Amino acid sequence: MLESYIPIFIIITISLLFAIVNISFSTIFGPQRPNKEKLSTYESGVEPIGSARDRFSIKYYMVAVSFIVFDIEVVFLYPWAVSFITLSKPEMIYSFIVGSVFLFILLIGLIYEYKKGVLKWD
Amino acid sequence: MPEWLIDLLIILAKIAVVHGVLLTGVAYSVYAERRISGFVQNRYGPNRVGPEGLLQPLVDVIKLLMKEDIVPEKANRRIHAMAPGISIVVALSTFAVIPFGDKIELFGRTIQLQIANVNIGILYILALLSLGVYGITLSGWSSNSKYSLLGGLRSSAQMISYELSMGIAVLGIIIMTGTLELNKIVELQYGWKWNIILQPVGFIIFLVASFAETNRAPFDLPEAEQELVGGYHTEYSSMKFAMFFLAEYAAMIVASAVITTLYLGGWQFPYLQDFGLPAIVTSILQVLTFSIKVVALVFFFIWVRWTLPRFRYDQLMDLGWKVMLPLALLNLFITALVVLLLN
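Quick mapping for you: the protein sequence lines, in order, are chains D and V.
For the first sequence, the working numbering assigns the number 1 to the initial residue and increments by one for each residue that follows.
For the second sequence, the working numbering assigns the number 1001 to the initial residue and increments by one for each residue that follows.
Calculated directly from the structure, the hints in this document are not laboratory data.
Source: prediction; values computed, not measured.
Please note that the accuracy of each hint is not assured.
[Stated by the list, open to error] In the DSS-like style, the derived pairs of lysine-lysine whose C-alpha atoms are separated by at most 25 Å in a straight line are: (1) V:Lys1322 to D:Lys120; (2) V:Lys1074 to D:Lys36; (3) D:Lys116 to V:Lys1184; (4) D:Lys115 to D:Lys59; (5) V:Lys1067 to D:Lys38; (6) V:Lys1103 to V:Lys1193; (7) D:Lys59 to D:Lys116.
Please take these sequences and the hints and turn them into a complete structure.
Now the structure itself:
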């Protein structure tokens, strides 16, 4: 079973080599004529104001946190979905009820988030 | 030759073919994009280099290779160089689990037309999709430029939002088939039992989410030219920029291949196996069918880009969390109910 993953390791290795060769190619063979203006941060031609290492909207954190919660719940749904069709009738009814309760809790979480205004962008 | 060496050579040959076709496909989808946008906007597009401009991609690659590599002095050099690498590795490795044809018999060996036939195919694709976010986020942060940072942030928020609906949309198929193996999913779509017919809502959710995942219009906010210059790759030049460009178009082709495999019957041409053609002709026709479906989808991606205007960011987030996610959950619930009632 495990040997079916060998091609994946090979393709990732080859892709990595491709990336390294290409990224270093122009660094090694391209012209190198740096000057102060060229190396400064691009800001539409004017002198850069401040730095980009600054605070940004908290909304992005909110999205990331809700993503983690929901993504883990989606991961829990995968084994349930894979085994669903292999079950016998009574087992399937039980599995369906359990799955529905889980989906319902997921939905409640989403509605709670919505009501709290986490998903509001303005 | 020992047995394992032959196996290794077969794997390497398959990877060489897939990477070759993928990279050529990327070069020519860039060309196709430029020609089609020219057609849509009633102008010519590139038509000077070679007949009808067909050598344009080659010349572009040479140009990009010869350019100076500029790293802004305020940038975090190591991460700045690593980010395009992550993007391209993810884009090139996703194809490993996609079946582009049925088994073929060559020289007394059975060869699976798929690089790795693993039983967690769908999970592998979703996992690599999640890794793709790193390339973009890190490039946005490490450039230390405001445009890059905003582009990277927007892109990562957008990608993780739509990844949820994507993951739940696929669950509809998994419930019906009971497997995560992509080759089995294709085999089960025999005849006209394509998943697009069985799972129309899931298909639409997956398609829209793919557009968002690949940062293609109408979801191309990360690189909204009019406000963010180039988004997360503003501070990149030369081959590092080319890597992002390549990764973007490779991601588009891979997304088309994934949609084809999951919803459009993969390499299945309706009832082709019953025509009684020689096995090798059937295999060639199947690979051809797969390629045509992928090319048609890539054309669709390009067509949509030059037809629809861009979303506003709050509209994008509303669509992802308030429409697609509940719809995907409902789709999953109804699929489970139908499977329960039919058994």
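These are the hints, each one checked on the structure:
no., hint, verdict
1, V:Lys1322 to D:Lys120, "holds, 10 Å"
2, V:Lys1074 to D:Lys36, "holds, 12 Å"
3, D:Lys116 to V:Lys1184, "violated, 43 Å"
4, D:Lys115 to D:Lys59, "holds, 15 Å"
5, V:Lys1067 to D:Lys38, "holds, 14 Å"
6, V:Lys1103 to V:Lys1193, "holds, 20 Å"
7, D:Lys59 to D:Lys116, "holds, 13 Å"
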